[in-house]
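Chemist: From first to last, the protein sequence lines stand for chains A and B.
All letters in the first sequence, in the order written, are residues 1 to 282 by the UniProt record's numbering.
All letters in the second sequence, in the order written, are residues 1 to 257 by the UniProt record's numbering.
Please keep in mind that the hints were generated in silico from the structure rather than gathered at the bench.
Just to be clear, a hint being listed does not mean it is correct.
[What the hints assert, rightly or not] Below 16 angstroms or equal to it, Euclidean Cα-Cα: the simulated EDC-like pairs (lysine to aspartate or glutamate) are:
id	chain 1	residue 1	chain 2	residue 2
1	A	Lys167	B	Asp89
2	B	Lys48	A	Glu170
3	A	Lys167	B	Glu54
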Amino acid sequence: MKTAVIRTSLSLGNVNLVLGLLLAVFIMVVTLIGGALVPHDPFLVDMGNRLQDSSATHWLGTDQLGRDILARIVYGAKLTIGLGTFAIVVAILIGVPVGLISGYIGGKVDAILMRIVDGILSFPDFILAIAIAGILGPNLTNLLIAIVLVRWIVYARVVRGLVLTEKQKEYVLVSQTANSSSLKTIRMHILPQVIPDIIVMAAIDVGKVILLVSSFSYIGLGAQPPIPEWGAMLNDGRSYFQVKPLLMVYPGIAIMLTVLCFNLLGDGLKSQFDIRRGRGRI
Amino acid sequence: MSILVVDNLSKQYSKNVHALKQLSFSLEQGESLGIVGESGSGKSTLAKILIGLETYQDGGITFQGSPIAPKKRAPLRAYRKNVQMIFQDAASALNPKLPIWKSLLEQLKNYKEFTPSFIDVEGLSDKDIARELLGLVGLDSSLADRYPGELSGGQKQRVSIARAISLEPSLLICDEPTASLDVTVQVQILTLLKKLQQQLNITILFISHDMRAVTFLCERIIVLKEGSMVDQFELGKLYEHERNPYTKALLNAASLD
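Looking at chain B on its own, in the form it has when it is part of the complex:
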């Protein structure tokens, strides 16, 4: 069953700036879909629309069978519990004035009725829950009391991931989560995402300009150019058809071809 269906989505910033042009795709439960494109292809706009931070002019988005309503409070609240996002810049995704454990718990605090299945919260203090979350993403629980300024880029991105999955979302949107990290750390973060996806059965929408990162994590890939889908393929069937020249260029850039 499709968990997310995007149908003819269009977004215009001003008269001549079309960020997205009639974009349609669907996402199956448990899969990881990659969206690749260079800067300005509309990737981040798509992510922001899907998370409810941006509006769109035309088309529709259906999540788990019902259309999303970004203007209504109650459905939006339910939607945000199920759809979480990891942002590009790990350094700026954590408030420098808050200790890690406080940042980590912001999501859970807003959904007090929800308890994550992967932590036995019985009798645990807030800080203990934060420590458990840190453990889940392979960080030492002693980091809970630190401040973001005292963590490395990779550690910060792990904290962001822990925060995003604390609500056990069905869909995790990753907007270039590895772009600001060096290569070895990139691999660690991607491996972590893969592990968590299997462990918690999360669907992942992975947005990146980096074909290598996308092919590491995703089975199905959509290529976006200037707001339109120019190509889509399954990784295993990459060579079955003649690919779009733009896809070829991206593959060449990643030296995968």
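So here's chain A without its partners, still in its complex pose:
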């Protein structure tokens, strides 16, 4: 029954989800197999082979220091996607419990937690991230801290809002009259209603964070050379743009495809969940 529901709605043309999944598979294949087929060290400098065009040994050519571009893109994929996912997972792990507690308990706890959230929310996140990178020093770890700091509040807010609606539902009241503990009521009745929304948000957010990491690395506040982060690669290629524009095109395409993939997945999952919710099952 459940699989049937998914299958019908997929064939009805959840184009976003299908495209997103295809793109995700493509990215995974390139990352996992691409690197294995053409094994090059992404850090190995070979000045005799700099700025090469595509060839059988270097599929996408080499950069200004003679490093294999494909190897660097692949390494960068693991780094960028890994970082983006990690940052969002941490943000969820902080934001969701805060939102659940704030919404479910309410009262003073809610007031205090939400004033903290409001405080952080009043900073534009890009500026806050720049400030943190400026204070703590420009590297990926600090960038990660900055991203988590500005992203968890979004989850806390959204989850709190959802909990406030869920809390009014009679089955939550029934659960309380059944003498279930708050933890059990949340786990049994509230969390399952919240999870689909979190998944959708997370998918879109990973794309945003990848863009953010790349932008920061591009302006020199994120990954530092020689780390082959895509944004940093764009920055590296800038000086050689006249001679070899492909140096900037490849990482640019990589960023675009990856962000597109996560956005499509997010949108696709959103309509997927909505369809199933409409049937009263999710």
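Since the structure of chain A is already known, use the hints to place chain B on it.
Modeler: Just chain B now, with coordinates in the frame of chain A:
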């Protein structure tokens, strides 16, 4: 013996909003008491206070001889085993993401030391117990694996009833259990409640705006208006005294007069 005594109960939501004003009544073991009033008369507030979901400012509630203490964990746990409630909206009283059998067993799972007398639980799996409970309220045991979205309103309300009586409470509070159902299903649900009351010797506090539903189930009726009791009578002695004009209006609305 009175199972429940409500003494001078008052509840204020804000300075000028009095939900309940010095309400006093008592409930005898095994009887069914009806509380009638229009929307905003404080009926649902009363139900929520009695089940421990709302606090109150003044007065007291005594259950089986001892005052209830909604702030203390252990007495509250014992109280909730003995007092269960059926909510108005059957559709929203069941979690749409859980199969029926899981929703049904939430109460019993929290009182593992208790086994209901009407089911021989020996050697039964959780799902089998749920099936037995469904049988008790006249539902097919195959519904155990379904989801609430696949049940009718009447079926959902029966599931809610099964869940509420799974702990064999001494007192069952029904807050407009038939309000969201159509008339034929209303009668079925009321008949079921009547049957279960006799079978399990449950005391029922039946709250409704619908005089017809109340008179079907209850021998004694209290009329609530703006948080105060304006009238109370036994159904058999309805015409012995001149009734309060508000009661008359309610009776007229139900075309019972």
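Chemist: Each hint: holds or not?
Modeler: Hint-by-hint comparison with the structure:
1. Our distance criterion of 16 angstroms between C-alpha atoms is met by Lys167 (chain A) and Asp89 (chain B), whose separation comes to about 15 angstroms.
2. Simply put, Lys48 (chain B) and Glu170 (chain A) have alpha-carbon atoms about 12 angstroms apart, close enough for the 16 angstroms limit, and the pair holds.
3. Restraint check: the Cα-Cα separation between Lys167 (chain A) and Glu54 (chain B) comes to about 14 angstroms, which is no more than 16 angstroms; the hinted pair holds.
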